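**Student:** Here is what each chain is made of, one letter per residue.
Number of protein chains: 2
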Amino acid sequence: MTVDLNSLVNNILAGDRYFLAKLLTLIENDHPQGLDALNLLYPHSGKAHLVGITGAPGSGKSTLVNRLAGYLRNNLLNPTQDGEQYPVTVAIVAVDPSSPFSGGAILGDRIRMRDLAGDPGIFIRSMASRGALGGLAKATSSAVEVLDAAGFSFVLIETVGAGQAEVEIVRTAHTTVVISAPGLGDDVQAIKAGILEIADILVVNKSDLPGADNTLRILQSAISMGYPATQVLPSEDQKGIGTPQWIPPILSVVATTGEGIPDLAEAINGHRQYLDTSGEKIRREHTYMRSRMEQLLGDQLVARFLNDYAGDKFEKALKLVLEREIEPRRAVELLIQDKLS
Amino acid sequence: MTVDLNSLVNNILAGDRYFLAKLLTLIENDHPQGLDALNLLYPHSGKAHLVGITGAPGSGKSTLVNRLAGYLRNNLLNPTQDGEQYPVTVAIVAVDPSSPFSGGAILGDRIRMRDLAGDPGIFIRSMASRGALGGLAKATSSAVEVLDAAGFSFVLIETVGAGQAEVEIVRTAHTTVVISAPGLGDDVQAIKAGILEIADILVVNKSDLPGADNTLRILQSAISMGYPATQVLPSEDQKGIGTPQWIPPILSVVATTGEGIPDLAEAINGHRQYLDTSGEKIRREHTYMRSRMEQLLGDQLVARFLNDYAGDKFEKALKLVLEREIEPRRAVELLIQDKLS
Numbered sequence: 001m002t003v004d005l006n007s008l009v010n011n012i013l014a015g016d017r018y019f020l021a022k023l024l025t026l027i028e029n030d031h032p033q034g035l036d037a038l039n040l041l042y043p044h045s046g047k048a049h050l051v052g053i054t055g056a057p058g059s060g061k062s063t064l065v066n067r068l069a070g071y072l073r074n075n076l077l078n079p080t081q082d083g084e085q086y087p088v089t090v091a092i093v094a095v096d097p098s099s100p101f102s103g104g105a106i107l108g109d110r111i112r113m114r115d116l117a118g119d120p121g122i123f124i125r126s127m128a129s130r131g132a133l134g135g136l137a138k139a140t141s142s143a144v145e146v147l148d149a150a151g152f153s154f155v156l157i158e159t160v161g162a163g164q165a166e167v168e169i170v171r172t173a174h175t176t177v178v179i180s181a182p183g184l185g186d187d188v189q190a191i192k193a194g195i196l197e198i199a200d201i202l203v204v205n206k207s208d209l210p211g212a213d214n215t216l217r218i219l220q221s222a223i224s225m226g227y228p229a230t231q232v233l234p235s236e237d238q239k240g241i242g243t244p245q246w247i248p249p250i251l252s253v254v255a256t257t258g259e260g261i262p263d264l265a266e267a268i269n270g271h272r273q274y275l276d277t278s279g280e281k282i283r284r285e286h287t288y289m290r291s292r293m294e295q296l297l298g299d300q301l302v303a304r305f306l307n308d309y310a311g312d313k314f315e316k317a318l319k320l321v322l323e324r325e326i327e328p329r330r331a332v333e334l335l336i337q338d339k340l341s
Numbered sequence: 001m002t003v004d005l006n007s008l009v010n011n012i013l014a015g016d017r018y019f020l021a022k023l024l025t026l027i028e029n030d031h032p033q034g035l036d037a038l039n040l041l042y043p044h045s046g047k048a049h050l051v052g053i054t055g056a057p058g059s060g061k062s063t064l065v066n067r068l069a070g071y072l073r074n075n076l077l078n079p080t081q082d083g084e085q086y087p088v089t090v091a092i093v094a095v096d097p098s099s100p101f102s103g104g105a106i107l108g109d110r111i112r113m114r115d116l117a118g119d120p121g122i123f124i125r126s127m128a129s130r131g132a133l134g135g136l137a138k139a140t141s142s143a144v145e146v147l148d149a150a151g152f153s154f155v156l157i158e159t160v161g162a163g164q165a166e167v168e169i170v171r172t173a174h175t176t177v178v179i180s181a182p183g184l185g186d187d188v189q190a191i192k193a194g195i196l197e198i199a200d201i202l203v204v205n206k207s208d209l210p211g212a213d214n215t216l217r218i219l220q221s222a223i224s225m226g227y228p229a230t231q232v233l234p235s236e237d238q239k240g241i242g243t244p245q246w247i248p249p250i251l252s253v254v255a256t257t258g259e260g261i262p263d264l265a266e267a268i269n270g271h272r273q274y275l276d277t278s279g280e281k282i283r284r285e286h287t288y289m290r291s292r293m294e295q296l297l298g299d300q301l302v303a304r305f306l307n308d309y310a311g312d313k314f315e316k317a318l319k320l321v322l323e324r325e326i327e328p329r330r331a332v333e334l335l336i337q338d339k340l341s
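Protein chains in written order, with our numbering: chain A, 1 to 341; chain B, 1 to 341.
Pulled out of the complex, with its shape left as it was, chain A reads as follows (with noise of 0.2 Å):
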């Protein structure tokens, strides 16, 4: 890095994309500098839109963000500051849990990149796994940070699969979309998948395939077991503005084609203005923020006691638990009352 950090931060303000993505990667390193440079920016965060959008293999996410950028950038205008109206800018963060070995990031960002190239307000990101479990969660909040405060209008945060480790990174987001499409087996499984409570936009993709009417039907009947009192095929009132509880709507899509884009924009629009208006957009950010404040400072306790005091003892415990002497809790738990024999 021959830049320095006032300089980094200065034209990352400034708009200045090529210092974006280096910021970016140092982030993505874990490189000191990637945090100096993040808490400068912080400040300037809270103002963006951070879209989660999540889904099965195969559900065809990765053509539906495309189309959701596209159509922001034509049709939305930021709300005026200086008098004028601008198109919204759009960021996309795609999390991929690949491994190095596959490839995946790279293969999928030159895929992408000829559906959106030439345009400056959309800014394609893929951050890519690489080994610790948990690493790449916290790489992506804080990549979702930078791009907030670099004055991104709306950040949607794709990621791969329907894990835990995908909610966790979903959790960041505002408003949640979780994608189905028809041919996933839509049997008992579908449901068990674990992400239908934290959908706030539910969208059956490919819906022009045969099969589609049972996943809506699907979704629609898991919704209702969610959401008892209510009725839940999609309508206008069911969009929840104003109303006292969200209840998700569900929308067909033809992504390739961008059927339903524009219902799918305005959803999100209609989820955004029900998290301010109701103030669930604060208890969001709170709940969510504690959580990610706790496993850092898990991270940094762990990495102190080990260095500070503690290095040979967690080897000695750690040695009898894989001689099956103390369970590993109990372990723990001797260890940090110093009283492991």
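By construction, these hints were calculated from the structure, which means they are not laboratory data.
Since this is a predicted model, take the numbers as computed values, not measurements.
Don't take each hint at face value.
Note that identical chains are pooled: a pair holds if it fits in a single copy or bridges any two copies.
Lysine to any residue pairs mimicking SDA-like chemistry, simulated, CA-CA at most 25 Å apart [claimed, not checked]:
1) 316 x 208
2) 339 x 300
3) 47 x 217
4) 319 x 272
5) 138 x 300
6) 319 x 263
7) 316 x 11
8) 319 x 275
9) 313 x 301
10) 281 x 247
Chain B: place on chain A using the hints.
**Tutor:** Chain B in isolation, oriented as in the chain A frame:
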């Protein structure tokens, strides 16, 4: 709980299924008596072979796990101790990150019970997520230790989905089986799943369906990228017994008819022998237990830190972060250094 700790533990060691189920519930609910019992049982663990089985929703995992359990039970004998040979016993832990609202775990169990009911040598348990992220992985590790101590020859750990939380759960296992099936998005997405690198054995289930050849080819090319110098067709010499490096074999299975299940059982045994003879088993247990203990250490240090003297300061740090004054990681650093102004 009307039974005392010692009789709970002794009954479980004697093979009582009722008390076993009771203890697993205590552990799932994070009840302190569960941990006490686990601590007494732990020295009896370490004998079972732990097999993790994961794959995308719709890949037919449950059917395959049921078939495999039945096959192992009917065809494998335990090494003699008293001169006699007994059929192996099998425990299945189905880890289900569904919400209480979908009821997936209960439904899944009922379907399974129908297939395997009546065999006292097979024990099935679903673990469902109860809110806290990461809690499920912890409860599952403890449940596996209990089942191991209870004397089961094999513990099959089945996870729904392919996210990083599933990867974490599967790390408990000695042998990891990753299941694919035709038609589940065999494109760029398939190799993105991020689980190939943890696979010891790859299975193409539903291999009688159209497209199975294509799935097989994709897996072969993914494996050949990871192990470039070797041939990757599934063949005898590929099962890795005695070879310096284990190359994951790719097996074709039709779980509904049982076709290919004997090969899978053989591959699992082959991998078990590889682990024992190569020293890899000790390395894996060491790596896994170190990361598990670091996580437990983090949980306990945070709880103590917040409880003992930093609760108010934590709230203050959280407030500063939410007001965008300080970046979360910096805030935690200042909190630990007691430098929060």
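**Student:** Now tell me if each hint is right for this structure.
**Tutor:** Hints, verified against the model:
Neither within a single protomer nor between protomers do residue 316 and residue 208 lie at most 25 Å apart by alpha-carbon distance, with minima of 61 Å and 52 Å respectively. For the homomeric pair residue 339 and residue 300, the shortest alpha-carbon distances inside one copy (23 Å) and between copies (15 Å) are both at most 25 Å. For the homomeric pair residue 47 and residue 217, neither the shortest alpha-carbon distance inside one copy (36 Å) nor that between copies (47 Å) is at most 25 Å. With identical chains, the CA atoms of residue 319 and residue 272 are at most 25 Å apart between copies only, with a shortest distance of 23 Å across copies and 52 Å within one.
With identical chains, the CA atoms of residue 138 and residue 300 are at most 25 Å apart both within one copy (13 Å) and between copies (20 Å). Within a single copy, residue 319 and residue 263 get their C-alpha atoms no closer than 58 Å, and across copies no closer than 36 Å, so neither meets the 25 Å cut-off. For a Cα distance limit of 25 Å, the shortest separation of residue 316 from residue 11 qualifies neither inside one copy, at 50 Å, nor across copies, at 32 Å. For a Cα distance limit of 25 Å, the shortest separation of residue 319 from residue 275 across copies, 20 Å, qualifies, whereas the shortest one inside one copy, 50 Å, does not.
Taking CA atoms no more than 25 Å apart as the test, residue 313 paired with residue 301 passes in both settings, with 16 Å inside one copy and 15 Å between copies. For the homomeric pair residue 281 and residue 247, the shortest alpha-carbon distance inside one copy (16 Å) is at most 25 Å, but the shortest distance between copies (49 Å) is not.
Hint compliance for this structure: hints 1, 3, 6, 7 are broken, all remaining hints hold.
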